[in-house]
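Engineer: Sequences and hints are given; from them, build the entire structure.
Read in order, the letters of the sequence shown correspond to residues 107 to 282 in this note's numbering.
Since the hints were made in silico from the structure, they are not lab data.
Quick caveat: nothing in here was measured; it's all calculated off a predicted structure.
Be aware that one or more of the hints could be misleading.
As the list claims (entries may be wrong) - With beta-carbon atoms standing in for the labels, derived distance ranges:
#, residue 1, residue 2, range
1, Lys-240, Ile-275, 33 to 43 angstroms
2, Ile-275, His-108, 39 to 49 angstroms
3, Ser-279, Arg-126, 43 to 53 angstroms
4, Glu-196, Phe-170, 15 to 25 angstroms
5, Lys-282, Val-122, 16 to 26 angstroms
6, Val-152, Ile-275, 11 to 21 angstroms
7, Glu-156, Val-239, 28 to 38 angstroms
8, Gln-281, Pro-207, 15 to 25 angstroms
9, Tyr-110, Asp-178, 19 to 29 angstroms
10, Lys-274, Gln-193, 25 to 35 angstroms
11, Gly-123, Pro-215, 11 to 21 angstroms
12, Gly-120, Ile-186, 19 to 29 angstroms
13, Leu-209, Gln-118, 14 to 24 angstroms
The beta-carbon is built from N, C-alpha and C at its ideal position, and this holds for glycine as well.
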Amino acid sequence: MHIYTKSGDKGQTGLVGGQRVDKDTVRIECIGAVDELNAALGVCMVHAGEQAHALLTTIQHTLFNIGAELADPEKKTGLILEAAATQKLEDEIDKREALLPPLREFILPSGPPFAANLHFARTLCRRAERQLVKLQREAPQNPHLLTYLNRLSDLLFILAREDMERAKIKPQSWQK
Numbered sequence: 107m108h109i110y111t112k113s114g115d116k117g118q119t120g121l122v123g124g125q126r127v128d129k130d131t132v133r134i135e136c137i138g139a140v141d142e143l144n145a146a147l148g149v150c151m152v153h154a155g156e157q158a159h160a161l162l163t164t165i166q167h168t169l170f171n172i173g174a175e176l177a178d179p180e181k182k183t184g185l186i187l188e189a190a191a192t193q194k195l196e197d198e199i200d201k202r203e204a205l206l207p208p209l210r211e212f213i214l215p216s217g218p219p220f221a222a223n224l225h226f227a228r229t230l231c232r233r234a235e236r237q238l239v240k241l242q243r244e245a246p247q248n249p250h251l252l253t254y255l256n257r258l259s260d261l262l263f264i265l266a267r268e269d270m271e272r273a274k275i276k277p278q279s280w281q282k
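Structural biologist: Here it is, written out as structure tokens:
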């Protein structure tokens with residue numbers, strides 16, 4: 107099988123089941139935003155420790171499943187994200203946040219490479235979330251998808267804070 111098929115050369119792509127759609131539809135924009143987020147997590151993993159690497163790998167698999175679910179509007183594959191996936195993120199957030207000093211103000215997205223890349227990935231996660239909201243206006247989607255992306259951006263923020271703490275770098279507060 108070749109990497110190129112030439113089937114997208116005229117601005118269309120295929121969904122699960124063979125339906126052809128324009129590459130600039132809201133659904134494809136949403137799938138693309140999830141893909142961008144997944145790639146950004148791959149960049150984050152270059153700087154991740156063993157534990158964070160394993161966690162991010164699991165999240166990458168889930169993001170691929172989300173992309174597949176979004177590409178399957180007729181639900182032919184049976185891939186459907188469930189609430190348990192979000193619960194795992196919440197458990198990670200709770201465990202890690204309990205070890206961090208309380209946050210009383212907004213902080214600037216920065217830090218060592220892992221933290222800075224996590225902040226960037228967090229913004230891409232928020233973009234994917236916004237694209238999913240647009241898609242939901244056109245066609246109902248699994249409600250667990252939006253909850254998962256919302257919680258994932260929170261986890262990425264906590265992981266960035268955790269890395270700053272580990273590096274003994276005080277986050278810079280936002281100043282008006």
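Engineer: Each hint needs a verdict: does it hold in this structure or not?
Structural biologist: Hints versus structure:
no. : hint                                   : in the structure
1   : Lys-240 to Ile-275: 33 to 43 angstroms : holds (36 angstroms)
2   : Ile-275 to His-108: 39 to 49 angstroms : holds (46 angstroms)
3   : Ser-279 to Arg-126: 43 to 53 angstroms : holds (50 angstroms)
4   : Glu-196 to Phe-170: 15 to 25 angstroms : holds (21 angstroms)
5   : Lys-282 to Val-122: 16 to 26 angstroms : violated (48 angstroms)
6   : Val-152 to Ile-275: 11 to 21 angstroms : holds (19 angstroms)
7   : Glu-156 to Val-239: 28 to 38 angstroms : holds (35 angstroms)
8   : Gln-281 to Pro-207: 15 to 25 angstroms : holds (19 angstroms)
9   : Tyr-110 to Asp-178: 19 to 29 angstroms : holds (23 angstroms)
10  : Lys-274 to Gln-193: 25 to 35 angstroms : holds (32 angstroms)
11  : Gly-123 to Pro-215: 11 to 21 angstroms : violated (40 angstroms)
12  : Gly-120 to Ile-186: 19 to 29 angstroms : holds (20 angstroms)
13  : Leu-209 to Gln-118: 14 to 24 angstroms : violated (45 angstroms)
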